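J.: One letter stands for each residue in the lines below.
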Amino acid sequence: MIGIVIVSHSGKLAEGLKEIADVMSGQPVPVAAAGGVDDPESPLGTDGIRVLEAIRDVMSDDGVLVFADIGSARLNAEMAIDLLEPDERENVHFCDAPLVEGVLAAAVQIGAGSPLQTVMREAREAALQKAPPPGEPQETRTGGVVREFTIRNPMGLHARPAALLVTTMNGFSGDIRLANLSKGRNPVNAKSINGIMLSEVTANDRISVTADPAEAEAVFAAIEELIRANFGEEGSVASRPAPAGVPPRPETTSPAVSASGALAGISIAPGFALGPLHHVRSTLPEIEPVAVTDPVAEAERFTRALSGAETEIRTSLADAGQRISAYDRKIFDAHISYLHDPEIIETVKQRIIGEHVCAEAVWRDVVAGLARTYAALEDPLLQARAGDVIDVGQRVLRFLTGGETSPAAVSEPSVLAFEDLRPSDVLAIDEKTILGICTMSGGKTSHAGILASALSIPVVFAVGDALAGVAEGRQVLLDGTAGTIVLAPDAETIAAMEKDRKTWEDRRARAEAVRTLPARTSDGHEIRVAANMASVEELGVIAGSGAQEVGLLRTEFLFMHHDSAPGEDEQYEVYRTIVAGLSGRPLTVRTADIGGDKPVPYMDRPPEANPNLGWRGLRYSLGVPEFFDVQLAAILRASAHGPVRIMFPLVSTLHEVKAAKERLRAVMKKLRARNLAFDENVEVGLMIEVPAAAEMADILAPEVDFFSIGTNDLTQYVMAADRANAKVQDLFDPFNPAVLRMIARSIEAAHEAGIWIGMCGAMAGSPVAAPILIGLGLDEFSMTPSDIAEFKLTLSGLSLPACRDLAVDVLKLSSADAVRDRANVLLGR
Amino acid sequence: MADARAGAGTVTGPMVRAWIEKSAEVLAENRKYLTELDSPIGDSDHGNNMDRGYKAVVEKLPEGDDIGAMLKSVAMSLISKVGGAAGPLYGTMFLDGSKPLIGKTVVSGEELAQFFADAINGVKKRGRSDVGMKTMLDALAPASDAFRAEFAKDGDMPASLKAAAAAAKQGMEATIPMQAQRGRASYLGERSIGHQDPGATSSYLILQAFSDAVEEAAK
Ligand SMILES: Nc1ncnc2c1ncn2[C@@H]1O[C@H](COP(=O)(O)OP(=O)(O)O)[C@@H](O)[C@H]1O
Ligand SMILES: [Mg+2]
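As they're listed, the protein sequences go chains V and C.
For what it's worth, full-length UniProt numbering labels the leading residue of the first sequence as 1, then goes sequentially.
For what it's worth, full-length UniProt numbering labels the leading residue of the second sequence as 1, then goes sequentially.
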C-alpha cells in the first residue's frame, strides 16, 4: 500500500494529523509522522534525518508520498528524498499539496485503492476545496444512464460517508458522475473525493448519478445500498416535505430533465433554431502526469508551444479579417498577453524542472488553478476571465499534445452546447452550419458573451448543468429571444415556433431597417437613443448598434482588473481610445462607483455591514481626493479629442454635488497649469438613483447640465428591496408606481431648470416602459446595444399624445402589474 | 608529512577539523546576534538553529583526516539538528561539496574551488534560489569567485581564503538593501529591505572561520 509521510514544524500537528488520517482512510494506511526537532527548549522545526527514517518506515513497492507544511519542512522533505538510495527513491514523491487537506484526501484515496497518480492529483487539488467547482474538468457525458437519489444520512456526503462512496465507486471500471441537484452543482467524478466534497451534498439533498449503461444498474444498486445503510452513520433525517408548490420528483430512472421540458437561461443573441444538439467539450481535459527524463528539453518544448499558440492566434485574427472589430481584437491581444505572463511561465517551468513531469500536465494544472481562482471571485467581470484563461490554456495544450483542431466543426447543421463558451469558440463559429449556441454557464459580460451577442444566430447562456444530460444528436429548439431551450419539441411546438420564427424574422427585419435611423415616434417626437458600456471591448458592438451616443460608461472595469489603481495616463489612454472609437458621438463617463460589495484589493476599505448603503459612488470619490482627481484629470484630457460628459454616481445631497464640482474646477486649474488640453465646457451631470436626489431634483438641477436616472439603484432604494435577494424580487420592480412617481418628479424638475434628463438603468431599454417614459418626457434612453433596434421599432409605433395620456394614468395606478397591463394595452400586446 | 602534496597551496584534514571546530565556536558566540538579525525578517531562530546544529556537528565529527567524510558528517548533523531552512540548505551544501573529497586527506586549491562551486550549486538547487534574492548565496557566491581569482594568481591558500572571507563580508552587507525573494523574509515583501540577511551572515562567519583556521595552521 502507498505510504504517507507527514513533515511538519510541529510534532504535535504531525501526530494529530496522522490520527485523523487513520480514522478517515477506512482501513489501515501506512502513515508516518515526522514533525519537530529533538530540542525540548525549542521543539518547532524539521529534522531531515527523521523524515528519511519515516519514509523508510512506510516504504513499499507501491510508493510513498511526502507532505510538508511550510518553508524548511518542504526543503527537508525534498532533502530526505534525495538522501534515499537511487533504487529506493524511484517511487517516493514530494506532494505539493496543502498539508492537512492533502494528507486526508490522500489517505482516503489510498484506502480506496487508487493508483499513485490519482492519489497525488486528488491531494494536490484538495487545495481547491473551498472554491466553487465551475472550472472542474467534466466532460459532457452523453449516453450514460442517469438516476436520482436523495441523501438522508445526517452528515451528507462529507468525510467518512464521502470516502465510503468513493471507495465503493472505485470498484466499478466505468466513468461515474455525480451532481448535486439541490445545490445546482456541476457533475463531478464520483471517484474523486474532492469532487464529492466540493459538491457539498448535505442531508436531504438530491443527487443525480450518471453511469455507463453496462454497469449502471450495479452502480445504482450499490448507492441504494449505501443510502439504506446510512453510509455507516447512526440515524437518518426525516424526509423534509418539499416546499409548497414544488412537486416532489419521482425517484426513478429519468433523464436529468423532464422529457418535454425546457431549460431557461439568459438571452445573448435573439432568434430561433431547431436542430440536433452537439456537445462541444470546452473544459480542460484530464492529463496524467508523465515523468520526463530531460526536464530542460521539456521546458523548451513548453516555450515552443507558447509561441506556436501565439502564432495561431495571430493567424486566426488575420483570417477573421473584417468579421471582428478592432476592439474585439483586444480580447485576443489579452490572450496573447496571458502567453507572456512571466509568473505563469516561471511557475510552469520551475515545476517541470523541479518535478520532472511532462509540460502538458503541469500546464493543465496551473491553468485550471488559475481559472478556478478567477471563477471563485465575486465580481462577475473577473469571474468571466476564467473562460479566457481556459481558452488560452486549451490552445497551448493542443500544441503540447498535438490534439484535434477547432472543436466547433460539425458534420451537419447543429445547435452547439458548450459548458462555457470561450472567445475563440465564437471566432470559430461558422454561421452557415451552426444553427445556434447554448451554454451551461457564462454571463453577458464575459468576453465570449460580448462577442456572441453580435452573432446572427440565437445564443442562450447559462441554462444550467442539466444541459449536460441532454443526449447528443437530440432535436432541440433554441429560442434566443426568450433565452430558453426546449428539449423535446413536439410537432405542435415546432409549428408554433415556425410561426413565431416567421413573425420574429419579420419583426427583426423591420427593426434592423430602423436601427440606424433617428429614434422617433410615429408623430415625429424625437428622443436620443444611447448605449451603455462597461469595457473597451464593447466598442465594436456599439459602433454598429445604432446608438447615437454612450449614455453611460461604467468605469469600474478600470479598477477591478488591476493590482493597483491605474494612473492618469493609463486611464486617459482608455478614455481616449473610446472617444476616438465613437467618432464624434458623445461619451458619458461615470466616475467610479466602487463600493464595499465589489472589493478592490488595493483600495484599503473598511469592511461594511451594509455596502449598498455605505461608502460607495461619489461618497468614496470625495473621501479619497487623490483617487478622484486622477480620474477627473484623465476624463478631462480625453475631452480634448471629442465630446465627453462627466457624470457623478450615487449623489444624495447638494453639498456633494458642489464638492465634486469644486474638485473638478481644481483639477481643471492644474491641467491648465500643465498646459494640457481639455474641453472647458465639458458637460457635467449627476445620477438620480438615491430617493433623496429625486426628491431634491429641483434643488440639484441648477448645478448641472443633465441628469441620468439609474433605475436599478433607485428601485432598490425606493422599494427597500435588495436586488440580489431572490426573496424580494417581486418588490424589486421599476414599474412600481412609487418608482415611476420619483422618475416623473425628476423629469419635471430637470425640465423646469432647463436641463435634459436621461435614463441608463435596465428600464430604459424595455419596450413596455418606452411609452410611459416617452409620455413623462424623458430625453435620452441609454440601454444595452442589443436592445436598440427593437426599441426604435417600438417607438415608431407610438404617438406622443397617447404616451402622455398613458403616463398620467399609470402614475395613479396602485401596482407594478397594473402599470404593465395598462402599457401593454397601448402597445397592442 | 601525511601527503606529498601538502604545502602552502593546500588544505589538510587537521585544517578542516580546525575550521569546523572554529565555526562552532564562532556561531556559539554569535548566537544572539544571528537571532537578532532573524527577528525583524524571520522567526528569531537562526542563531539558535546554527548553534544547535554545529554543537551536534562537533559532537558527531568522525576521527581521522578524511576531509570528505568530515564534511559529509557535518552535512548530516546539520540536516538533522538545525531545524530551520538553513538545515537542509547548509546540509545540501556540505553534502554536495563533500562528494568528490571522500577519501582525501589533502585538497588542492582547484579541488577546493570545485568544492565551493558544488556547494553553491547544491544550495541553489535545494532552495530554488540564486544570487540577489537576499539569502546565504549572496555571501557564498562572491566568496567562491574571489577564492578562485585569488588562488589563480599565485596559489596562496591563506590569502585566497582571506579574500573569500572578505568577499563574503561584502556580499553579506550587500543583502541589506535587497528585497528578499526566498525564505520567510520574502513573506515581508518590501519590508524586508533594510535588514541584513541572517543566513548570509552565518555564511560569512563560517567562511571567516575557515580563513582564520587555515591562517593559524599555516603559521
Ligand atoms: N530558498 C532559499 N535559498 C537559499 N537560502 C535560503 C532560502 N530560504 C532561506 N534561506 C536562508 O536561510 C536563512 C534562514 O534560516 P533559518 O532561520 O534557519 O530558517 P527558517 O527561515 O526556516 O527559520 C535566511 O536568512 C536565508 O539566508
Ligand atoms: Mg528563522
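Derived from the structure by calculation, the hints contain no laboratory data.
The model shown is predicted, which means the values in this text are computed figures rather than measured ones.
Just so you know, even glycine gets a beta-carbon here, dropped at the ideal spot from N, CA and C.
Take the hints with a grain of salt, since some may be wrong.
Straight line, CA to CA, 27 Å or less: simulated DSS-like cross-link-like pairs of lysine-lysine [what the hints assert, rightly or not]: (1) C:K55 / C:K72; (2) V:K349 / C:K125; (3) C:K124 / C:K72; (4) V:K12 / C:K55; (5) C:K55 / C:K22; (6) C:K55 / V:K349.
Here are a few chain V residues that face chain C, going by a calculated C-beta distance under 8 Å [said to hold, decoys possible]: (7) I344; (8) E346; (9) T347; (10) Q350; (11) Q475.
J.: Determine for every hint whether it applies to the structure shown.
T.: For each hint, the structure was consulted:
1. C:K55 / C:K72: holds, 15 Å
2. V:K349 / C:K125: Given pair K349 of chain V, K125 of chain C holds - Cα atoms ~14 Å apart, limit 27 Å.
3. C:K124 / C:K72: holds, 18 Å
4. V:K12 / C:K55: holds, 25 Å
5. C:K55 / C:K22: The hint holds at about 11 Å.
6. C:K55 / V:K349: violated, 39 Å
7. I344: violated, 17 Å
8. E346: violated, 11 Å
9. T347: violated, 11 Å
10. Q350: holds, 7 Å
11. Q475: Not OK, violated: Q475 of chain V not within 8 Å of chain C, min 56 Å.
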